[in-house]
Amino acid sequence: MIRTVISAGLVSLSLPLMASAQSVAVTNAKLWTGDELVEGATVVIQDGKVAAAGEDADVPQGLEVVDADGAWVTPGIFAPYTQIGIVEVGAEDTTNDAAAPMSSYGAALDMADAFNPMETTIPVTRIEGVTRFAVVPGFGSTLFGGQGFVADSSGDGDSITKPAAFTFINLGEGGAALSGGSRPAAWATLRAALVDARTYPARYIASDKGDALGRLDAQAFSAAAKGQQLILIAVDRASDIRHIIDLKADNPALNIALVSATEGWMVADELAEAEIPVIIDPYDNLPGSFETLGATQENAQRLIDAGVVTAISYFDDSTHQARLILQGAGNAVANGVDHEDALRAITSAPAEIFGTPELGSLEPGDVGDLVIWDGDPLEVMSAPTRIYIDGVEQSLESRQTELRDRYLDLDESEKPMAFKH
Amino acid sequence: MKTSLSVAAAVAVLLSVGACGGDGGDETPDKQASNEKAFDKDPYPSTYNAYPAGAVLLQGATVYDGLGGIAENQDVLLKDGAIEAIGEDLEAGEDVEVIDATGKYVTPGIIDNHSHLGVYPSPSVSAHQDGNEISAPVTAEVWAEHGLWPQDPGFNRARAGGVTSMQILPGSANLFGGRGVIIKNVPARSVQGMKFPDAPYTLKMACGENPKRVYGYGNGRYPGGAPFSRMGNMAGYRGAWIDAQEYKAKWDKWEEEGGDQPARDLELDTLKGVLEGDILVHMHCYRADEMMQIIDMSKEFDYKISSFHHAVESYKIADTLAEEDICSSMWADWWGFKMEAYDGIRENIPFVHNAGACAIVHSDSDIGIQRLNQEAAKALADGKRVGLEISKAEAWTWLSANPAKSLGIFDQTGSLEPGKDADVVLWSTDPFSVYAQAEKVFVDGALMYDRDDPDYQPVSDFELGQPGEGDVK
Numbered sequence: 000m001i002r003t004v005i006s007a008g009l010v011s012l013s014l015p016l017m018a019s020a021q022s023v024a025v026t027n028a029k030l031w032t033g034d035e036l037v038e039g040a041t042v043v044i045q046d047g048k049v050a051a052a053g054e055d056a057d058v059p060q061g062l063e064v065v066d067a068d069g070a071w072v073t074p075g076i077f078a079p080y081t082q083i084g085i086v087e088v089g090a091e092d093t094t095n096d097a098a099a100p101m102s103s104y105g106a107a108l109d110m111a112d113a114f115n116p117m118e119t120t121i122p123v124t125r126i127e128g129v130t131r132f133a134v135v136p137g138f139g140s141t142l143f144g145g146q147g148f149v150a151d152s153s154g155d156g157d158s159i160t161k162p163a164a165f166t167f168i169n170l171g172e173g174g175a176a177l178s179g180g181s182r183p184a185a186w187a188t189l190r191a192a193l194v195d196a197r198t199y200p201a202r203y204i205a206s207d208k209g210d211a212l213g214r215l216d217a218q219a220f221s222a223a224a225k226g227q228q229l230i231l232i233a234v235d236r237a238s239d240i241r242h243i244i245d246l247k248a249d250n251p252a253l254n255i256a257l258v259s260a261t262e263g264w265m266v267a268d269e270l271a272e273a274e275i276p277v278i279i280d281p282y283d284n285l286p287g288s289f290e291t292l293g294a295t296q297e298n299a300q301r302l303i304d305a306g307v308v309t310a311i312s313y314f315d316d317s318t319h320q321a322r323l324i325l326q327g328a329g330n331a332v333a334n335g336v337d338h339e340d341a342l343r344a345i346t347s348a349p350a351e352i353f354g355t356p357e358l359g360s361l362e363p364g365d366v367g368d369l370v371i372w373d374g375d376p377l378e379v380m381s382a383p384t385r386i387y388i389d390g391v392e393q394s395l396e397s398r399q400t401e402l403r404d405r406y407l408d409l410d411e412s413e414k415p416m417a418f419k420h
Numbered sequence: 000m001k002t003s004l005s006v007a008a009a010v011a012v013l014l015s016v017g018a019c020g021g022d023g024g025d026e027t028p029d030k031q032a033s034n035e036k037a038f039d040k041d042p043y044p045s046t047y048n049a050y051p052a053g054a055v056l057l058q059g060a061t062v063y064d065g066l067g068g069i070a071e072n073q074d075v076l077l078k079d080g081a082i083e084a085i086g087e088d089l090e091a092g093e094d095v096e097v098i099d100a101t102g103k104y105v106t107p108g109i110i111d112n113h114s115h116l117g118v119y120p121s122p123s124v125s126a127h128q129d130g131n132e133i134s135a136p137v138t139a140e141v142w143a144e145h146g147l148w149p150q151d152p153g154f155n156r157a158r159a160g161g162v163t164s165m166q167i168l169p170g171s172a173n174l175f176g177g178r179g180v181i182i183k184n185v186p187a188r189s190v191q192g193m194k195f196p197d198a199p200y201t202l203k204m205a206c207g208e209n210p211k212r213v214y215g216y217g218n219g220r221y222p223g224g225a226p227f228s229r230m231g232n233m234a235g236y237r238g239a240w241i242d243a244q245e246y247k248a249k250w251d252k253w254e255e256e257g258g259d260q261p262a263r264d265l266e267l268d269t270l271k272g273v274l275e276g277d278i279l280v281h282m283h284c285y286r287a288d289e290m291m292q293i294i295d296m297s298k299e300f301d302y303k304i305s306s307f308h309h310a311v312e313s314y315k316i317a318d319t320l321a322e323e324d325i326c327s328s329m330w331a332d333w334w335g336f337k338m339e340a341y342d343g344i345r346e347n348i349p350f351v352h353n354a355g356a357c358a359i360v361h362s363d364s365d366i367g368i369q370r371l372n373q374e375a376a377k378a379l380a381d382g383k384r385v386g387l388e389i390s391k392a393e394a395w396t397w398l399s400a401n402p403a404k405s406l407g408i409f410d411q412t413g414s415l416e417p418g419k420d421a422d423v424v425l426w427s428t429d430p431f432s433v434y435a436q437a438e439k440v441f442v443d444g445a446l447m448y449d450r451d452d453p454d455y456q457p458v459s460d461f462e463l464g465q466p467g468e469g470d471v472k
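Chain order of the listed sequences is A and B. Quick note on numbering that gives the first Met the number 0: the first sequence kicks off at 0 and runs consecutively. Quick note on numbering that gives the first Met the number 0: the second sequence kicks off at 0 and runs consecutively.
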């Protein structure tokens, strides 16, 4: 069963040794709430949700209390662009469900059909403090990647938080190639697809085919085409972004967010005006292609200064290294972003983009995802000391930590390594 | 863009190669003389000369010397392209520019011994794929410097990250990918203008998945044929080494006995150079068991492996790598993008160091090369959490001294010692912090990057007249 709302009464089956209690109070926290920094704060989580947070929060009798002793406490980190749980080993096709180049479907490809909460990538990512992530399709045979979702990193069987959270579309060079070979071809396809999806199911009564989309793709895209679902669009070049801003001006109901937006800073004011948020990688500072000639490490700062809702991601290996968004956020600070804005970009900003404001934030009523850190969360030498998802404390082990512990001592004079586990 | 990014990154990862270590040859003067008579071994020589610079005194800094030492309140004097002196309260003297480095850090320039800048440059368009000669699995005859585009904007970005020297390697599609080239990270019109003077040549080799995928399973995109398996990989190397031994014997005989000069073979020239200890082997190899096979092969043919690259499983055999004196050039935390990277752990680098083996932080990435100091910091912190007491000063050896040793250039650079090249970085704060920025980067004493002065922020030809020209990078 897919959990559409964070459920109280959740029983964690994957962590039998962990307490399944969903209530805890963390005191003496240097708390980033998702919106502001509060020193000496207390966070109270009851039944998986935040009951109180702030300097004056009362701790109910009988609640387990963790004294943070002045340590940083943040909401669980929200990675806004990943393939976690749908790719185990990138280069092994049998374990990689991100894209289907041979499929005749596009928008109808639902990444939730591939999601495996038992993948090793999930604990590897979780123990770095990431408790929620958006799973974004790759690109297969069309400019439509398919349907993406939001999940938690508990590894539980029901860890999809928001299924079909968005439709993913590529309108850069990649999308042009998948649409027949040019940007005009991609735009013609998109415009036709919007009409197909908006007139679904009526126009499909007589035929399975639309101008651009087959019946199932039109069905999958219909909510987004009517403004009822987020459209996540991968795009980089400023002129392409302007085209999307125009699309939204012509179709004000559309709910659009951009991914990559390397030249977003050139049109930052227009993006802010159009209320189009962005998910960017602050490392992108090279002209890797002719659509990223304006790349600069100040993209994040310029977008944020213009008032664009900006989330930070790591694009190079967004499966195994999605955990690096904290380092990326730190680098954004080194390049001019305010520290709190950088924290926002990996907590409440992505939650806002995906329409899940109860995530990435520790205000009363929000989901009880919380991380206690041994230092500034954005510093490369810091790490989590405790992690909670829905108020349940999580294991800090992964397959990687087991390999580490096995090989910490290379002495096998008594027995081979394989006996250490 | 995202997908194209990740595809490009995956290809880059899949095709990357590395190597480390090795002492110079011990040819007799007579043999050298006859070799030089036979043919020019340096037909594309370095034309790089240190750019003119006045003396500079960096005053009051905390210094990581690159040898494992740290000292506070130090003055570092750069003069005539070299490190003149390091100590407290040095006299500035006349005509010495004094830079207040109070609260700041000074380190040796970072050396990345695994880069594909120039051979896989930005922009990554089809015309720019010059790093893999995918025409046969043994292409020891090709040289990275012949595919290197000096206008790659990545060189400037890497310098802004404190990288003053690097090794540019061919990719890892082939068993023998070709010769690498060691450069000083200075803008130049030609590769020759960047080549590190008197540095040895290197040879890129590759283990594992890449060669067998490109050839055996290339699906018709490439020439096909062997190798189809790791068995085929080994047979491919061994066959080539046997050819090289025969070739070397022919030349040795000619040098001793005279007669008709043997016909030259470009491929075997390089392999012979390895057997003679002149050319350093840098070998892309992920899995521990495979590295063990390669170590045996190096003994079978009597050559030295300078460094394994990527070496994701070096932590499993760190004791052997220490005994064999083979470096490991590693990422802090890359893993899982292919099967041979599946057992990556975040403690690989500190585990190798802790075993007494030579640990190196490498990038294999035009993004990663810009913040190698942060990669060292992550690895150091993860090692500490499992009880490995390694200091930051020791960890800096992963970034300069050890890569310099793996490249045979440690006599010239890689540490802050009087007389060495003044390849020096002034950091805004402790470079083990994510917030640290390289403020000034000196190559042979000349200021080649200044974060606060646009006049010292080079712009490559490619970026001139483009939207990104002169912007903060």
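By construction, these hints were calculated from the structure, which means they are not laboratory data. Every value quoted in this text rests on a predicted model; they were computed, and no experiment measured them. Cβ coordinates follow ideal geometry from the N, Cα and C atoms, glycine included. Some clues are possibly wrong.
Quick partial rundown of chain B residues pointing at chain A, CB under 10 Å, derived from the structure [stated by the list, open to error]:
1. K40
2. D79
3. P149
4. P261
5. R263
6. E266
7. K298
8. I344
9. F350
10. A354
11. Y434
12. D460
13. G467
14. D470
Pulled a few chain A residues facing chain B out of the computed Cβ check, cut under 10 Å [as the list claims (entries may be wrong)]:
15. F114
16. N115
17. S288
18. L292
19. A328
20. N330
21. E378
22. M380
23. L407
Against the structure, the hints come out as follows:
Interface restraint check: K40 (chain B) against chain A, minimum CB-CB distance 35 Å, threshold 10 Å, status violated. Here the hint on D79 (chain B) is broken, as its CB sits about 33 Å from the closest CB of chain A, past 10 Å. Given hint, P149 (chain B) at the interface with chain A, is violated; its Cβ is 16 Å from that chain's nearest Cβ, farther than 10 Å. Restraint check, P261 (chain B) versus chain A: the minimum CB separation of about 43 Å is more than 10 Å; hint violated.
Proximity of R263 (chain B) to chain A is violated relative to the hint, the smallest CB-CB distance being about 39 Å (cut-off 10 Å). With 10 Å as the threshold, the beta carbon of E266 (chain B) stays out of range of chain A, its nearest partner Cβ sitting at about 29 Å, so the hint is violated. Annotation: K298 (chain B) was flagged as interfacial toward chain A, and the flag is violated, the nearest CB pair being 21 Å apart, outside 10 Å. Interface hint status for I344 (chain B): upheld, as the beta-carbon distance to the closest one in chain A is roughly 5 Å, under 10 Å.
Residue-level restraint check for F350 (chain B) holds (minimum Cβ-Cβ distance to chain A is 7 Å; threshold 10 Å). Given hint, A354 (chain B) at the interface with chain A, holds; its Cβ is 7 Å from that chain's nearest Cβ, closer than 10 Å. Hint status for Y434 (chain B) relative to chain A: holds, with the closest Cβ pair at about 5 Å, below 10 Å. About 12 Å separates the beta-carbon of D460 (chain B) from the nearest beta-carbon of chain A, more than 10 Å, and the hint is not met.
At about 5 Å, the closest approach between the beta carbon of G467 (chain B) and any beta carbon in chain A falls short of 10 Å, and the interface hint on this residue holds. Nearest Cβ of chain A to the Cβ of D470 (chain B): about 5 Å, under the 10 Å cut. The hint holds. Restraint check, F114 (chain A) versus chain B: the minimum CB separation of about 17 Å is more than 10 Å; hint violated. For N115 (chain A), the interface hint is violated, since its Cβ never comes within 10 Å of a Cβ in chain B; the closest pair sits about 14 Å apart.
For S288 (chain A), the suggested interface contact is upheld, since its CB lies about 5 Å from the closest CB of chain B, less than 10 Å. Checking L292 (chain A) against chain B by beta carbon gives a least distance of about 5 Å; that is within 10 Å, so the hint holds. For A328 (chain A), the suggested interface contact is upheld, since its CB lies about 9 Å from the closest CB of chain B, less than 10 Å. About 6 Å separates the beta-carbon of N330 (chain A) from the nearest beta-carbon of chain B, less than 10 Å, and the hint is met.
Of the supplied interface hints, the one on E378 (chain A) holds, with its beta-carbon coming within about 5 Å of a beta-carbon of chain B, less than 10 Å. With a cut of 10 Å, the hint placing M380 (chain A) at the interface with chain B holds, because the nearest CB-to-CB distance is about 4 Å. For the restraint placing L407 (chain A) at the interface with chain B, the shortest Cβ-Cβ distance is roughly 6 Å, inside the 10 Å limit, so the hint holds.
Against the hints set out earlier in the document, violations occur for numbers 1, 2, 3, 4, 5, 6, 7, 12, 15 and 16.
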